[in-house]
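Respectively, the protein sequence lines represent chains A and B.
Adding 138 to a residue's 1-based position in the first sequence gives its number in my numbering.
Adding 5 to a residue's 1-based position in the second sequence gives its number in my numbering.
Watch out, some of these pointers could steer you wrong.
Unchecked claim - In the SDA-like style, the derived pairs of lysine to any residue whose C-alpha atoms are separated by at most 25 angstroms in a straight line are:
1) B/K109 with A/E190
2) B/K109 with A/G154
3) B/K109 with A/T195
Hints listed in this document are in silico derivations from the structure and should not be mistaken for laboratory results.
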Amino acid sequence: GAVVSQHPSWVICKSGTSVKIECRSLDFQATTMFWYRQFPKQSLMLMATSNEGSKATYEQGVEKDKFLINHASLTLSTLTVTSAHPEDSSFYICSAQRGLGQYFGPGTRLTVL
Amino acid sequence: AQKITQTQPGMFVQEKEAVTLDCTYDTSDQSYGLFWYKQPSSGEMIFLIYQGSYDEQNATEGRYSLNFQKARKSANLVISASQLGDSAMYFCAMSRAGGTSYGKLTFGQGTILTVHP
Chain A
139 GAVVSQHPSW VICKSGTSVK IECRSLDFQA TTMFWYRQFP KQSLMLMATS
189 NEGSKATYEQ GVEKDKFLIN HASLTLSTLT VTSAHPEDSS FYICSAQRGL
239 GQYFGPGTRL TVL
Chain B
6 AQKITQTQPG MFVQEKEAVT LDCTYDTSDQ SYGLFWYKQP SSGEMIFLIY
56 QGSYDEQNAT EGRYSLNFQK ARKSANLVIS ASQLGDSAMY FCAMSRAGGT
106 SYGKLTFGQG TILTVHP
């Protein structure tokens, strides 16, 4: 149990376009999901906490207008990278909270040309 | 604020031997959780083991055990009988067990483990 999926697994887009990444908890309901960003060979950095039915809580230094988060249901949170630029290229990972644990999706590799 | 420190950027171990990955933490919270995750080259984060701050016994999960020393604020991961498939990046993380920051994970820098045949 506790399976989390992400879609797409990888995406390449042109600079200036927007990209939406979906995070789904497949076999449990998650009122809280988290979005992380990871650069190569570095640690995971928390971007925001996504709460079902309310606004996301962003970490310091993360642009709210650039990284739009929507948690419309108990099983789905989306991250939209708006007007993407090459510096937004990274590995984005979501996780869904269940009890005291977090279960991670497989990640989405974003490359902005 | 919480902080996790992993001082070993890379570790090497011979197949079938045991290895210890170090993790120290800093927090002012009384109640917290400590986690270890494995991240292979595919990128997925695999949960390995959890230790609650009030747990008196060290956590064990198969070949993984967590050496929890609360007074020293350390939570080292011990992998017994290493296998080639254990080669990966390993992250230590902690979270608050309550309050508005409940569930938020703070990660260490990670340790790359390489298992030699």
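Okay, the hints, checked on the actual structure:
1. Of the pairs offered as hints, the one joining B/K109 and A/E190 holds, with about 16 angstroms between alpha carbons and a cut-off of 25 angstroms not exceeded.
2. For the given pair, B/K109 sits about 31 angstroms from A/G154 by alpha-carbon distance, which is inconsistent with the 25 angstroms threshold.
3. A hinted pair counts as satisfied when its Cα atoms are at most 25 angstroms apart, and B/K109 with A/T195 qualifies at roughly 11 angstroms.
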